[in-house]
Every structure is written in structure tokens, then in C-alpha cells.
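Take the given structure of chain A and dock chain B to it, following the hints.
Number of protein chains: 2
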Amino acid sequence: MSSTLTRLPEWRALVEHRRGTVFDLRELFASDANRFARYSIAHGELLLDYSKHYLTDETVRLLVALADARCMRDWIRRLMSGERINTTENRPVLHTALRANAPVMLDGHDVTQDVAQVRAQMRRFSEALRSGAVKGATGRPISDVVNIGIGGSDLGPALAVEALAPYAAGQPRVHFMSNIDGAHVQAVLANLDPHATLAIIASKTFTTQETLTNANSVRAWLAKAVGPRTGEHFAAVTANSQAAQAFGVGKERIFEFWDWVGGRYSLWSAVGLPIAIAVGMDEYESMCDGARGMDEHFESAPLAHNLPVLMALLGVWYGDFHGTATHAVLPYDMRLKRLPDYLQQLEMESNGKRVTRDGEIVDYSTCPVVWGAPGTNGQHAFFQMLHQGTQLVPADFIACCKPHHHLPEHHSILLANCYAQTEALMRGKTADEARVELQAQGLSSEELERLLPHKVFPGNRPTSTLLLDALTPHALGALIALYEHKVFAQSVIWGVNAFDQWGVELGKRLADRILPELAQDTRVTTHDSSTNGLINYTKSKW
Amino acid sequence: MSSTLTRLPEWRALVEHRRGTVFDLRELFASDANRFARYSIAHGELLLDYSKHYLTDETVRLLVALADARCMRDWIRRLMSGERINTTENRPVLHTALRANAPVMLDGHDVTQDVAQVRAQMRRFSEALRSGAVKGATGRPISDVVNIGIGGSDLGPALAVEALAPYAAGQPRVHFMSNIDGAHVQAVLANLDPHATLAIIASKTFTTQETLTNANSVRAWLAKAVGPRTGEHFAAVTANSQAAQAFGVGKERIFEFWDWVGGRYSLWSAVGLPIAIAVGMDEYESMCDGARGMDEHFESAPLAHNLPVLMALLGVWYGDFHGTATHAVLPYDMRLKRLPDYLQQLEMESNGKRVTRDGEIVDYSTCPVVWGAPGTNGQHAFFQMLHQGTQLVPADFIACCKPHHHLPEHHSILLANCYAQTEALMRGKTADEARVELQAQGLSSEELERLLPHKVFPGNRPTSTLLLDALTPHALGALIALYEHKVFAQSVIWGVNAFDQWGVELGKRLADRILPELAQDTRVTTHDSSTNGLINYTKSKW
Numbered sequence: 001m002s003s004t005l006t007r008l009p010e011w012r013a014l015v016e017h018r019r020g021t022v023f024d025l026r027e028l029f030a031s032d033a034n035r036f037a038r039y040s041i042a043h044g045e046l047l048l049d050y051s052k053h054y055l056t057d058e059t060v061r062l063l064v065a066l067a068d069a070r071c072m073r074d075w076i077r078r079l080m081s082g083e084r085i086n087t088t089e090n091r092p093v094l095h096t097a098l099r100a101n102a103p104v105m106l107d108g109h110d111v112t113q114d115v116a117q118v119r120a121q122m123r124r125f126s127e128a129l130r131s132g133a134v135k136g137a138t139g140r141p142i143s144d145v146v147n148i149g150i151g152g153s154d155l156g157p158a159l160a161v162e163a164l165a166p167y168a169a170g171q172p173r174v175h176f177m178s179n180i181d182g183a184h185v186q187a188v189l190a191n192l193d194p195h196a197t198l199a200i201i202a203s204k205t206f207t208t209q210e211t212l213t214n215a216n217s218v219r220a221w222l223a224k225a226v227g228p229r230t231g232e233h234f235a236a237v238t239a240n241s242q243a244a245q246a247f248g249v250g251k252e253r254i255f256e257f258w259d260w261v262g263g264r265y266s267l268w269s270a271v272g273l274p275i276a277i278a279v280g281m282d283e284y285e286s287m288c289d290g291a292r293g294m295d296e297h298f299e300s301a302p303l304a305h306n307l308p309v310l311m312a313l314l315g316v317w318y319g320d321f322h323g324t325a326t327h328a329v330l331p332y333d334m335r336l337k338r339l340p341d342y343l344q345q346l347e348m349e350s351n352g353k354r355v356t357r358d359g360e361i362v363d364y365s366t367c368p369v370v371w372g373a374p375g376t377n378g379q380h381a382f383f384q385m386l387h388q389g390t391q392l393v394p395a396d397f398i399a400c401c402k403p404h405h406h407l408p409e410h411h412s413i414l415l416a417n418c419y420a421q422t423e424a425l426m427r428g429k430t431a432d433e434a435r436v437e438l439q440a441q442g443l444s445s446e447e448l449e450r451l452l453p454h455k456v457f458p459g460n461r462p463t464s465t466l467l468l469d470a471l472t473p474h475a476l477g478a479l480i481a482l483y484e485h486k487v488f489a490q491s492v493i494w495g496v497n498a499f500d501q502w503g504v505e506l507g508k509r510l511a512d513r514i515l516p517e518l519a520q521d522t523r524v525t526t527h528d529s530s531t532n533g534l535i536n537y538t539k540s541k542w
Numbered sequence: 001m002s003s004t005l006t007r008l009p010e011w012r013a014l015v016e017h018r019r020g021t022v023f024d025l026r027e028l029f030a031s032d033a034n035r036f037a038r039y040s041i042a043h044g045e046l047l048l049d050y051s052k053h054y055l056t057d058e059t060v061r062l063l064v065a066l067a068d069a070r071c072m073r074d075w076i077r078r079l080m081s082g083e084r085i086n087t088t089e090n091r092p093v094l095h096t097a098l099r100a101n102a103p104v105m106l107d108g109h110d111v112t113q114d115v116a117q118v119r120a121q122m123r124r125f126s127e128a129l130r131s132g133a134v135k136g137a138t139g140r141p142i143s144d145v146v147n148i149g150i151g152g153s154d155l156g157p158a159l160a161v162e163a164l165a166p167y168a169a170g171q172p173r174v175h176f177m178s179n180i181d182g183a184h185v186q187a188v189l190a191n192l193d194p195h196a197t198l199a200i201i202a203s204k205t206f207t208t209q210e211t212l213t214n215a216n217s218v219r220a221w222l223a224k225a226v227g228p229r230t231g232e233h234f235a236a237v238t239a240n241s242q243a244a245q246a247f248g249v250g251k252e253r254i255f256e257f258w259d260w261v262g263g264r265y266s267l268w269s270a271v272g273l274p275i276a277i278a279v280g281m282d283e284y285e286s287m288c289d290g291a292r293g294m295d296e297h298f299e300s301a302p303l304a305h306n307l308p309v310l311m312a313l314l315g316v317w318y319g320d321f322h323g324t325a326t327h328a329v330l331p332y333d334m335r336l337k338r339l340p341d342y343l344q345q346l347e348m349e350s351n352g353k354r355v356t357r358d359g360e361i362v363d364y365s366t367c368p369v370v371w372g373a374p375g376t377n378g379q380h381a382f383f384q385m386l387h388q389g390t391q392l393v394p395a396d397f398i399a400c401c402k403p404h405h406h407l408p409e410h411h412s413i414l415l416a417n418c419y420a421q422t423e424a425l426m427r428g429k430t431a432d433e434a435r436v437e438l439q440a441q442g443l444s445s446e447e448l449e450r451l452l453p454h455k456v457f458p459g460n461r462p463t464s465t466l467l468l469d470a471l472t473p474h475a476l477g478a479l480i481a482l483y484e485h486k487v488f489a490q491s492v493i494w495g496v497n498a499f500d501q502w503g504v505e506l507g508k509r510l511a512d513r514i515l516p517e518l519a520q521d522t523r524v525t526t527h528d529s530s531t532n533g534l535i536n537y538t539k540s541k542w
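Heads up: the protein sequence lines correspond to chains A and B, in order. Using the working numbering, you'd call the opening residue of the first sequence number 1 and step up by one each time. Using the working numbering, you'd call the opening residue of the second sequence number 1 and step up by one each time.
No wet-lab data here; the hints were simulated from the structure. Honestly, I wouldn't trust all of these hints.
Each pair may be met inside one copy or between any two copies, as identical chains are not told apart.
Calculated pairs, DSSO-like style, for lysine-lysine (alpha carbon to alpha carbon, straight line, at most 27 Å) [what the hints assert, rightly or not]:
| # | residue 1 | residue 2 |
| --- | --- | --- |
| 1 | LYS541 | LYS508 |
| 2 | LYS539 | LYS402 |
| 3 | LYS541 | LYS337 |
| 4 | LYS539 | LYS135 |
| 5 | LYS402 | LYS224 |
| 6 | LYS508 | LYS402 |
| 7 | LYS135 | LYS541 |
| 8 | LYS337 | LYS402 |
| 9 | LYS429 | LYS508 |
| 10 | LYS224 | LYS135 |
Here chain A stands alone, though its shape is the one from the complex (with noise of 0.2 Å):
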């Protein structure tokens, strides 16, 4: 039995458009010389080219009618009004809200004033930090912020202050310290003073197995320095202030972030702050400005030539029509190198799901594998296989058309290579045209007939192109925005919740079981063989 979605008649209607139709990218752009013009989207300081992909007038109607028939309107409409749309853990979806510039009503209240004095707070202890008026229990300003958190609790700061390096003034520098690895930990740590240090400690709930076993370290090695006033070295991003006080953290040095900010979203509250230190205030308020713009786009826009919609569509269309397992994200801007990171929670977290709201098991694809790394870096790692490997790979080309440094020449080089690469996807190679090229090297006809094949690029392989205008707080703001919102489009259409995530829970669980074992003299036998193996194999090590 079909699931919902797949009963659908505008679902039937792209499968068969799908069977019906050639997509051939060269011939598309042969027999219409203004494709660049009815496919890319100007707005604001971005460009979307979405021309070099399998499309037509005809299926973007058709991926519309999809939208429509999935309510994508009432959707948008019920996440920006701050409706309880997370069903499974009963919460509202408010990230928007922090971004807002009008009142958000949660039960009767506007959540925005809480925000706003949130937000004052932040910029009261950001600008203290950045004049050096804060200092450690002995004396010392502020120096090096170490951020603790781990996912959303790191992945959004930590690519917001390396996209915006150039709008930081050095002091103090910031760090992020994730991975419960000790290695993490003693990297971090390395090259930091204590007297000059001070964490802060990012999770919603102060239990985050990593993020507190992580912080009670640097405690101990602030302790060694420092005596015992280390809570003057701490600040705290929590839902849970009282764990956080009990921690030793000073109340005015909480920051409070809400139940109904999901952890992958959060970059917007006040887990937000290492950014703030990093580049000012008013440089993370401008972020949060270019966020808003693109979530009135969002709510605005005609489906058809809405952002966020129209990437989300071209997604479905490619991993539930084309069979398409991945999606590569290549920024050519090495200040977004985490971006990649970052989308690999956003999407695959939100919309890893087979469960619809509904409790319906899907039978069809959701998110795909997000994965990508900074052109030009790729080139020379795995676009190989984009050219020529056996499988296709949309992927979203990202570039900023101004630099902000002074290297012109790296500038254009590295755009020329941007634009080549999509360029070559598209069009590819034709064995008639590598022969032209080999008989110019004056090949054998043997050696030519050899080495034709390989020489042949097959293209038709589909890319979108995002251009920014530059890499400013603004622009960041709106990208961010702009992808939160194509993954909650492709929630709707997939009809999934992208805001909780069950699947998570449960490696949590077991691993509790393990780690009490592993400090057990005995050998371990309370698992399947491997489990029990891999346990005894470590402790034979030790």
C-alpha cells in the first residue's frame, strides 16, 4: 500500500513527468537563450542559479501543485505564528521569533520582550569582554573564550565566527571545545592562560553527558591556577539556570535559552554569545537582521519563486524522482568551510526521519546525505567522481562575488574555478569532442581509440549556484535562514516533524550500560558477541 504522499495526484503526476521527459542540460540551453534569466532569483544580496538542473516551466508548475497540495503556505504561516508544530515533543517552533521585529505570541505572551532582554544582556557582556573589563578571579582581563557545546551548541557559533573572522578585532579570541575527547580538551587548553580564560558552558538542559564532563575538566585545570573561584571564569547558556548556579556559575552570567529554541536552530538565541564576543553586538544583530529578511521572503514570496521552497523542491525532485542519495554542499569560500558541518545537522537531523507525523511509514526517500568541502579544495579530492563516477550528486555551488582581503588575483581564480566546475557538469565532454582533442595530440588511432573512454565526461549533472554578494553578517544571516527554511519546506512535503529527533536517544542509553562495564574488572557478556568483544578487547589493552 502507497503511503500518503505517494497517492497523491501531483506525486503521480512528476513520476510521470519524470518517465516522459529527457532532461538534457546542454539542449535545454541550446533552445532557450534566457534559461539563466527564468531560472535564477535575485534577492537582496543573494543570487539563486537554479537553471543548470532538470527542469522546465512544466515541472516547476508541477512541484508547485505539490507544494500546494502539502498546504506549504499554511505551514509556513503555522511556524512563523509560533503554533505547537514540534507534535511529537509538544513544543512550539519559535526560532523565528528570535529574530523577530514585531510581537511572537506564545500562550498570551510576547516571547520577543524575553528575547530582547536576553539579548541586553549579551550585549552588556560581550562589550564587557571585549574592553577587557571583565577579569578572572586573579586580576587578569579576559583574553580567550572557550566555548563548551557540543551540535547546535557549537556548529552554528563555530561557523559564524570563522565565516565572519574578518569583522573580528582579536580580542578576545574565541575557541570551541566539542568532542568528548580528551584530545579535543588538551588542544584547546594548550595554549591558554587560566588567569585569562573564561567558558562558557552552552546545553539547553546542563546534562549534556559531553558538554559537562568537558566543563568539570577545564574547571579542574582553572583550579590549579586560579584557586577555587573559578566560577568567575564561567558563563552558561541553559534552560536549566539552577543546574548552572549549582555548577558555580553567577546568575547574571546565565543566559537563558528557551524550550522552544531546538538545539540545531539555536545560533539565534543566546547560544549565539561566542559570536558576539567574537565580532560585536551590532555585527551579530546584523546577521539576525539578514535572517529575518529571508524569513519574510519565506513567508511572502509566490512558492514558485520562493527561496527556500524552490531549493527544497529541487531536492525532492532529485531524491525522490532520480534516485539520488546525497546532496554535496561546496562553498568556494574557505571561511565557509564549516558550513558543510553545519548543514549535515541541520538537514539530517531534522529530516532523517522514516516516520511522518502522522505515525505513517514513508516509502519514499527523505534527507539525503548532506556532505561537501570548500572549492577549491575539492577539486582535488572527490570531484573525480562528481565528473565521472557512476553516480549523480546535486550539489549547491556557494560563492562571494568581493573578497574581503586584497589578493585580486586568488579572487578571480578561485570564481573562475566556481563557475568552470558547473560549467563542466553540465556540459560535460562527448566522445567527439575528446577525439578532436586527442587527434590534436597527434595520438595513434590505437592509442586514441584506448584512451577515448576515459577522456570522455559524460555531464548533465545538475548544480545549483548561490552568490552572495559578500561574506558580510548580513549575507551569512540570510544563507543560514535560507537553508533552515528549505529543510522545514522539505519536512512539510516529506510530512515529517524536522523538529525532534528520537533517533538520537538511544546510543545515549546503551552507552550508559557500557561505561560502568568498562571499569569492571570482569569480562563483559551482557551484550551480542561483538559488543561484548569490543568491550574485552579494550580492557585486554589497558
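Just chain B now, kept in the frame of chain A:
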């Protein structure tokens, strides 16, 4: 018509085996208490547990039969003996000679003598740098070394320098500059003192656009501080000694690398110089010894107990018979955080091909998308999708029994999570098990039924676990060689040449055409409308 490979009776036997067998991992473990002992192999300081896979003795027998049908043993011999198996480039493939301890003859000449010479040169130079004897043009000892290289001239050394940080003396510090993006150049140079900085230019041809452009910018940065004698701040690793000398590198600081070393296998050549500088030549040679141990195992172990061959066959089993498209690499070790990037090149550039050595277009899947991130970070990012998504993602979990740090609690938590994840992926959680848990929480039956489907984990998700005794140079060498040979063994099954990379040529060519167009004042019209549009839009923003 089917391809040579898929026509093989051994292939068709696997198709039948797949069709006729239910692989239920819980069941397989329940019915065989010795499954771990049966399907795990300890080799030196490595343990491979492949028991959590869809396999029985019959599966192993059929997979090995396929390897035999593809003449695996003979291909291994050809690889090790220096035959010209890179046929499309007419080159031998001799990275194993770089770590051999017996003569390897190429055209009547023992190449290991050349290797020994370059090794001696690496030892002299790295020791001089480490002792502070190497001075810049203005008489200052070198404190920082920048490796300028991309792809294979970057990923391998960067992986090893990070992985072996506990073995580093701390002087000189080693940095990596790869991307053409000027932001990367600026970020690397920001904290360096030109008087005390030496750069290694690593490029086989000495024409790699990114590397040479970056080298020129570094030279300009040096010249501003030290004047015209910038040559004293460079070394080069290249097969094009003339070009390096023309750039200004002194002859004694040019390290040869040969055309029989592929870029992605080059960390065993002088491309490994940054490793020797960071951790010392003895540790670098220990890494080579570890790799040689794996070479010997690959050459001599029976296929059914041959680690690289088994890992290769598992990849083929999933990709070609179970339809998986990706392969996750999940090091539970922050020092191996670059391993996924490294393996992306090693695997995808080697086997991301759709044409066999004989020019046949394949009708089967070759290289998957290789991706991953360190645990436990991945658990807080994309593991949701691994557990409850719609795609099967086979994964390698990699961990070290003993850490280098003194935070044992951290290490136990790290390993407990690693083992718990493979257990959770294998077992899952049935509806009955989830129901019992929800009942214990006292949910109403309506609420329980609503939540139940979200709490179910399908399980039966296969993983390998690789345990290293500790992340020593020797173990790292073995680990890298293990993957190198896995990739080669897969190329043998798929019939592709793992050592060329024609798929990177077209983009380079097209970039050369676009670069001058970016400098023109006039609108560009020579491409498809998308590529024209992107170029013209960019210029409108300048």
C-alpha cells in the same frame, strides 16, 4: 548487454545469494555466540570487527570467489612488483616501494636507492629545522613551516601532523595552506613572522595553479620583510626541479618526487616532509614501517582473512548488491578528524570512475560517497539519520584503546559511546520494546500509540569497527595503508584504473577560459546563459 563483471557467474551467485537470504543481524548474533570470534581479525596493533555485517560463511565464500574471479592475488602481485598498471598514463604504481625494505626494480633500476637518498635528505633538513639550525635571510631561526600544497600534497601530511600531535616537539610549528582563496592565505600568514617562516612548495609538476599562486603571494609577503633573499625561506617537493630552481629554491632544498608516486599516495614520499618536521624523522619512518607491515599482510594473507580485501569486498557487497550510495567514516578520535577528508580523496579520486581499464562503460556502482565526522560530535549532528533515516549507510567506526592524554574518564565515555552506537545501529529498538518503555513512563494509551512509531529504531544497520591499540605513528601508517589497499582491491573488483584522474581535467580547462573573461570590461557571451549570467552578475558587483 551486461558488462564483463556482471556477466560473471560469481557475480550472479552473489545476486542470487542476496535475493535468497534474509540478513537479520540480531538473529545472526542470537544464533551464534561465536560470531565476533568468527568475524574479527587482530593484526598487529589493529583489530577489525566485521561481525556486525550482512554476512554468513557463504557470503564470505562467494565474495572471495568474486575476488578470485577478478584475479585479486595476481593484481596484488602486479601492484607490489612495480608493473605499469596505471595504463592510461603508462606509469608504474610504486607507493609501496617508498616504504619497502627490499629492492624494488623499475626498468632494471632499484628505486629504493633513490628513496633512501631522498629520505636521508629529509632527515638532514628536518633535523636542522628542529634543532633551530636553519635560519632565515635575516638570521632568525625558523619557528614556523607552511606547507603549500593541495589535494594529495595537503591532505595526507595534514592528517598525519594532526594525528601525531602528541609526538611533536612543538618547534617548528607546521601549518597548511591549500585553497586558492586569499582568505586562506591571509588566515595562515596572520600570526606568522616572515623572518622566522619557511614555506614548502609541494607540487609534482610545479605548475599547480593554486599552489604556485599561493607560493607567489607568500614570496611577496616574505619579500616585504626580508628583502630579496626570499629563496632562503623556501623548500620544494617536486618532480620539476628546474621550475623550482627558477622560482628561487636552492638545489639542496629541492626534494624529488617521482612520476610513479600518485598524488593521493604521496605522503610516503618527500611530500611527507612536514610530518618529519613536526614529529621527527624517526617517527615518520615508524609510520612507514607500519604501512609496510600492512603491505606484507595484503600480499600474503589469504583473501578471506585479508583486512584490505575484506573491507573492499564489504564495500562492493553493500554498494552493488544492497544499493547503498555512501560510506561513513566515523573516527571516535578527535586527532583523526581529518581522516574522512583524506579518505574522500583516496577513495573517490581513485575509484570514482565509470569506465573500466578496457574502456567498457560499467553497469554497476563504483565508488560511494565517502563522508563522516569525528564521534561523538557526529552523534549530535547527523546520527539521527543513520538510526531512523530512509537510507542504509554502512559505516566504519574507528577508535583507539589507549589515549595519549591523562583524562581517563573522557576516554571511557568516548569508547562507551562508540560501542553503544554500533550496538544501537545493529539492534535497533522494536515496537514492543518501545511500548514497554513508554508504558513505564505512564503515558495514556492514546498518547502512547501516537508516540510509538517515532520511538522505534529499525536497526539492522551494518558497521565495521577498527580498533587501534593507540594512535602511534606505526598504527597510523598501518591504518592508512589498510585503506590504500582496500581502495586498490575495490578497483580490481570494479575493473577500473585506480591511479588516473582524467575527471579533473575538464574543469581546469574551462577555468582557464573564464579567468581572462573576469578581467574583461565587456559582457561575456561565450558560454551557456547560466555561466555567462554568473560571470556578468559577479562583475556587476565589483
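query = Can you list which hints this structure breaks, lowest number first?
reply = The structure conflicts with hints 4 and 7, although it agrees with all the remaining ones.
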